[in-house]
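Kindly generate the complete structure, drawing on both the sequences and the hints.
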Amino acid sequence: MDTMTSRERVLSAIHHREPDRVPLYAFSLDPKFIRAFGDGNPFKAFDALGLDSFPIRVQNWCQGVPLLASLVMEIPEDQQTAGGAFAGWNGIDEFGRIWERGSYIGGALKTWDDIDKYVPPLKLEERTPPELMQKYKDLYPDKAYALNHHSGPFGLTMESMGFEHFFFMLYDDRDLVKEVLERRTKWYIEVCKYVQDLGADYLVMGDDVAYKGKTFVSPEDFTELAIPLYKRIVDALDIPVFWHSDGYVRPLIGLALDAGIRGFHALEPVAGNDLGEIKSKYGDRAVLIGNVDCVNVLTTTDLALVRAEVDRCMSQAKKGGGFMIATSNSLHGACTPEAVWEMYRYAREVGAY
Amino acid sequence: MEQTLKEIAEAVIKGKAPIVENLVRSCLDQGVNPIEIMDKGLIAGMSVVGGKFKADEMYLPEVMIAARAMNAGLAVLDPVLGSHDAASKGKIILATVNGDLHDVGKNMVSMMFRGAGYKVVDLGVNVPEEKIVQAIRDEKPDVLALSALLTMTLPNLKTALEALEKAGLRKSVIAMVGGAPVTQKFADDIGADGYALDAASAVERAAELRAGRRSS
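Chains A and G are the protein sequences, given in the same order.
Quick note: the first sequence uses numbering that gives the first Met the number 0, first residue 0, plus one each step.
Quick note: the second sequence uses numbering that gives the first Met the number 0, first residue 0, plus one each step.
Bear in mind the hints are in silico, worked out from the structure with no lab data behind them.
Glycine residues also receive a C-beta, built at the ideal position from the N, C-alpha and C atoms.
Any given hint might turn out to be false.
Among chain G residues calculated to face chain A with C-beta under 7 Å, some are [as the list claims (entries may be wrong)]:
#, residue
1, Met0
2, Gln2
3, Leu27
4, Gly30
5, Val31
6, Ile34
7, Ile64
8, Leu100
9, Met151
10, Pro154
11, Ala179
12, Tyr194
13, Asp197
With a Cα cut of at most 20 Å, we get these calculated SDA-like pairs of lysine to any residue [stated by the list, open to error]:
#, chain 1, residue 1, chain 2, residue 2
14, G, Lys53, A, Glu219
15, A, Lys109, G, Val103
16, A, Lys211, G, Gly30
17, G, Lys118, G, Arg136
18, A, Lys211, G, Arg136
19, A, Lys31, G, Lys51
20, G, Lys51, A, Phe167
21, G, Lys15, A, Asp171
Pasting the structure below:
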C-alpha cells in the first residue's frame, strides 16, 4: 500500500533514502504506447503506467516537423518506418543531424562555417510551453517532473558532425570539436535552466557516448572533452543532474560522479553494464535508474520472463534506496504493450521496502 | 628494407597517412614486392591496432585514423596489387539489413577487414534480401557479415539467412551477424555461423570460422 506521493517517493529515492516502494521511471515513450495507454495524450499514458516521474520533453524540429509528430499530424506510412518519436523526420534537423524516414543517418556540421547554422535559437517557450507545463502540474500535482533532455553536448556534437567526421576531427581539427562542444553546452544550460525554473525536479541529461562493450572515445579524451562540460551543467543548475547514455558506460561512471553527476539511466545490460556490480561499487554515491532489458525481454510477450527480469533488477539495486526501475533505454517501438504493462504492474507489486 | 616495413606499420598505428604513403611509394620504387609491403607494413600495423582496440588501449577515433593511414598506403599499392597473386586474404560482403539505415558499425567492420587484407564488397544499408542473394551469387565471398542496429530490424537478419537457404546458397558462405541488439544467443537461434561483439573481434572470428570450415 502506497504511503507516499509519487513526488515524495522519487525525492526520497534520489536522495538515497528508502521510500515506500521503488519508484517507476521512463525516459521516453514511443508514440505507440502513448496511443495504447493514453489515447494519444502523453500524460495520460504516464499516469496509466503508474510512472512516479513524468518526463518533460523539450521540443526539437527537423524541417519544421516536431518530435512525436505522428501524434498530431498524418505521417505517410513509408516515413514511419523505424521512426517512432522521429516519424516524419527527413532531411537536416536544427542541430545538423541528417534523417531519413525517421532514422538518423549522419551529420551535416563539417566545418567552422557550419557551426552557426546548426546551433539553433533557444526558442525557450516554444520548446517547453509554460502554460502546458503548469496545466499538467495542476492536473498531476503529486508527481515528480523529470526533464529528460536528450540533447547533451557530447553525443549531439558527434551526431551533428557525423561519427566518422567527429573522430577524424579529433585529430585533424580538435579546436573545431571543442568549439562545437562549447556552443552546445551553453545552449543546453540555457534550455535546462528555463525548464528547471518551470518546476522540473531533476534533469536526466541524454548524452550517448558509448555502444555495446565500449565507449566511443577513450576515458582520457572523455575526461578532457566532456567531463568539464558536465561539471558546468551540474554547477549551472540547482536540481540534481543524472545522465542517460546508451551503451557500456561503466568506465566513465567514476569520472561522471566526480564531476557532480548524481546518477545514471539506462545501464543497458546487453551492452555489458552489470547493475549489481555498479550498485556495490557506487551505490552510496550514484542513483541507478534502469536496467530492465528492453532488447531481449520487453520485446517479447513472455510475462514470466518480464517478471524474472524485474526481480533481477530489484534484487541487485533496490536495497538502500537510490534506485528507480525503468527500461534499459526508452520504451521503444519494438517493446510489446503486454510486456511494458506487466513490467510496471509487477514492479509496483514487488517494489515495497 | 625490413626496417622500412616496420616504419610503415608504425606509421599506420599512429595514423600518419602522409608518412605511410611516402614510405610505401619508396618501397615500391626500390622494387619491394607489393604483397610484402601490404603484409608486413599495412596489415601488420592494422593487426596491432586491432589488438590494441580489443584490449581497450585504442578506441574508435584511433582505429579510424589508423585505417585512414592504411588506406592511403593501399591507394598507392592498388594499381600494382592487381597483377600479383594472393593479394587478397579472402573476400567479404557486408550489408546492413533491410529496413535499417545505420552504417557506422558496418563501416568499422569494413575497415578492420580491409586492414586484415580482405577484399571488401560493401552493399550499403537497407539492403533487401534479394540483393544479398544476388551478391553472394556474383561475388562468391568467403564471408557474409550482416548488421542490424535496431531491435525492430533484428528479424531481418533471420530473413536474409532464410533467403540464402531458399536460394541454395546458405552453405556456400560463412554468415556472421552483429550490431547493438545482437547477441550470441540470437545468432545461434537464427542459424548464423558466427557473431562478434565488435569490429576487431569480427576479423578474428571470421578467421576461426574459416579455419574450422577448412578442417571439417
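key: Agreement of Lys53/G and Glu219/A with the hint, judged by alpha carbon distance not exceeding 20 Å   = 17 Å, holds
Hint status (Cβ of Ile34/G to nearest Cβ of chain A, threshold 7 Å)
29 Å, violated
Hint check: is the beta carbon of Val31/G less than 7 Å from a beta carbon of chain A? 28 Å, violated
For this session: Take a quick look at whether Lys15/G and Asp171/A sit within 20 Å of each other, Cα to Cα.
Result: Roughly 11 Å separates the two Cα atoms, so the pair holds.
Given Asp197/G as an interface hint, is its Cβ closer than 7 Å to any Cβ of chain A? Where the cut-off is 7 Å and the nearest Cβ of chain A is about 6 Å from Asp197/G, the hint holds.
Item to check | Proposed interface contact between Pro154/G and chain A, which counts if any beta carbon pair is under 7 Å | outcome: Hint on Pro154/G: violated, closest Cβ of chain A at ~10 Å, above 7 Å.
Given the hinted pair Lys109/A and Val103/G, is their alpha-carbon gap at most 20 Å?
17 Å, holds
* Closest C-beta approach of Leu100/G to chain A relative to 7 Å, hint status -> 4 Å, holds
Practice problem: May I ask you to test the interface hint for Gln2/G with respect to chain A, counting a Cβ-Cβ separation under 7 Å as satisfied? | Solution: Result: violated, 26 Å to nearest chain A Cβ.
ask   = Does Lys118/G pair with Arg136/G here, judged by a C-alpha cut-off of 20 Å?
value = 16 Å, holds
Is the shortest C-beta separation between Ala179/G and chain A less than 7 Å?
5 Å, holds
* Asked: Quick one, is the Ile64/G hint okay against chain A at 7 Å, beta carbons?
  -> 5 Å, holds
The structure fails to meet hints 1, 2, 3, 4, 5, 6, 10, 12, 16, 18, 19 from the earlier list, while all remaining hints are met.
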